[in-house]
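Q: Mind docking chain A on chain D? Use the hints.
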Amino acid sequence: MRGRLSPWTVGDRLEERELPPVDRMALVRYAGASGDFNPIHIVDEEAKRTGLPGIIQHGMLTMAQMGTLVSPYLANGFVEHFQTRFVGMLFLGERLTIGGEVTAVEAHADDQTITFDLHARTHEGRQIAKGTLRFRWLGA
Amino acid sequence: MGTRSPTVRNTVERGAVRRFAEAIGDRNALYLDEQVAAQSRWGRLIAPPTFPRVFDFGKLPNVPLPPSGIIHGDQSYTYTRPLFVGEDVDCHTLFKETYERKGSGGTLRFLVFERVADDAEGNRVLTTRDVYILTEKVAAEVGR
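Heads up: the sequence lines are chains D and A, in that order. Counted from 1, the first sequence has number 11 at position 11 by my numbering; the numbering is strictly sequential. Counted from 1, the second sequence has number 32 at position 32 by my numbering; the numbering is strictly sequential.
Okay, chain D solo, but in the shape it has when bound:
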């Protein structure tokens, strides 16, 4: 059964990644791909009308980017639970840094559940989103 065990132990870190600066075309592309055309993510005047200094990235795009941290392991299992709290706004030109850490490894009869704490901050350290992700590790 050892071959089924995941390589993860509590305290292991996912390699931190710095994403390219937020640009309008990326937000338009996500709007089109997701169907979320809320104008505060696309049109400056609409963002300003709601009191924002400018357009902001979709929270759900930030969540999706955080989710890519476990993407390399989707051949080994699946995302059983992924929760994200949106705590800050991300503006044009800002760069997101995403990363995470294993907080629990739970063994079952035939597989394992790995729990990660995930974060998304600007490169200046401002919190944008915090997540918890449970990955069901089925085997190699």
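None of these hints come from the bench; they were simulated from the model. Warning: the hint list may mix true and false statements.
Output of the computed footprint for chain D on chain A, the stretches with three or more beta carbons under 8 Å from beta carbons of chain D [stated by the list, open to error]: (1) 16–30; (2) 45–51.
Reference excerpt, derived from the structure (chain A facing chain D, CB under 8 Å, subset only) [said to hold, decoys possible]: (3) GLY73; (4) GLN75; (5) TYR77.
Each computed DSBU-like pair below joins lysine-lysine, with the alpha-carbon atoms no more than 30 Å apart [claimed, not checked]: (6) LYS96(A) x LYS137(A); (7) LYS59(A) x LYS130(D); (8) LYS48(D) x LYS102(A); (9) LYS130(D) x LYS137(A); (10) LYS96(A) x LYS130(D); (11) LYS130(D) x LYS102(A); (12) LYS130(D) x LYS48(D); (13) LYS59(A) x LYS102(A); (14) LYS59(A) x LYS48(D); (15) LYS48(D) x LYS137(A); (16) LYS137(A) x LYS102(A).
For every residue, glycine included, the Cβ atom is placed at its ideal position computed from N, Cα and C.
A: For chain A alone, kept in the frame of chain D given last:
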């Protein structure tokens, strides 16, 4: 609460998955490459965990929402397995609860929705929890 939307059938479309994967910057072969996916434990292409953003989960009758000014506070996805490209899922939305909390800038109103997706065999694949926040000003525009 307990308001429930009608059921809407959604298809996990291959082109939609490809566009979504590209938009989130994740060109995982399991999302995009049929041959790689066929040899994986899943045997076919899968969708990214946050892909259901594209689904129509049905409109709730009688839940007043402002056209703008809604803050997305929290989101969760709970799966029993990945979504497979090409499959149909039956989706609906439930209005779970609403409550107020006093914040420094006034009273905030929270709205909590649950969205679900069931596969062709009737098994639940996905349950979401979506939390939206209305500021006092925005909530007043909607009325009660």
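Q: Between LYS59(A) and LYS102(A), does the CA-CA distance stay at or below 30 Å?
A: holds (29 Å)
Q: Would the pair LYS48(D) and LYS137(A) pass a check requiring their Cα atoms to be no farther apart than 30 Å?
A: Holds - the C-alpha atoms of LYS137(A) and LYS48(D) are around 16 Å apart, at most 30 Å.
Q: Taking the least C-beta to C-beta distance, is TYR77(A) closer than 8 Å to chain D?
A: holds (5 Å)
Q: Hinted pair, alpha-carbon criterion (30 Å max): LYS59(A), LYS48(D). Please report holds or violated.
A: Satisfied, since the Cα-Cα distance of roughly 29 Å is no more than 30 Å.
Q: Does the structure keep LYS59(A) and LYS130(D) at a Cα separation of 30 Å or less?
A: holds (29 Å)
Q: Between the alpha carbons of LYS130(D) and LYS137(A), is the straight-line distance 30 Å or under?
A: holds (27 Å)
Q: Per the coverage rule (Cβ-Cβ under 8 Å, at least three residues), is the region 16–30 of chain A covered by chain D?
A: That given contact holds, which follows from 10 residues of the region 16–30 of chain A lying within Cβ reach (below 8 Å) of chain D.
Q: Please work out if LYS137(A) and LYS102(A) have their alpha carbons no farther apart than 30 Å.
A: With Cα atoms ~13 Å apart, LYS137(A) and LYS102(A) stay inside 30 Å; holds.
Q: Is LYS96(A) close enough to LYS130(D), meaning Cα to Cα at most 30 Å?
A: Answer holds: LYS96(A) to LYS130(D) is near 23 Å, not above 30 Å.
Q: Given a cut of 8 Å on the nearest C-beta pair, is the interface hint for GLY73(A) held or broken against chain D?
A: holds (6 Å)
Q: Hey, LYS130(D) versus LYS48(D), does the alpha-carbon distance stay inside 30 Å?
A: The hint holds at about 26 Å.
Q: Is the interface hint for GLN75(A) satisfied, with its Cβ closer than 8 Å to some Cβ of chain D?
A: holds (5 Å)
Checked against the numbered hints above, the structure violates none of them.
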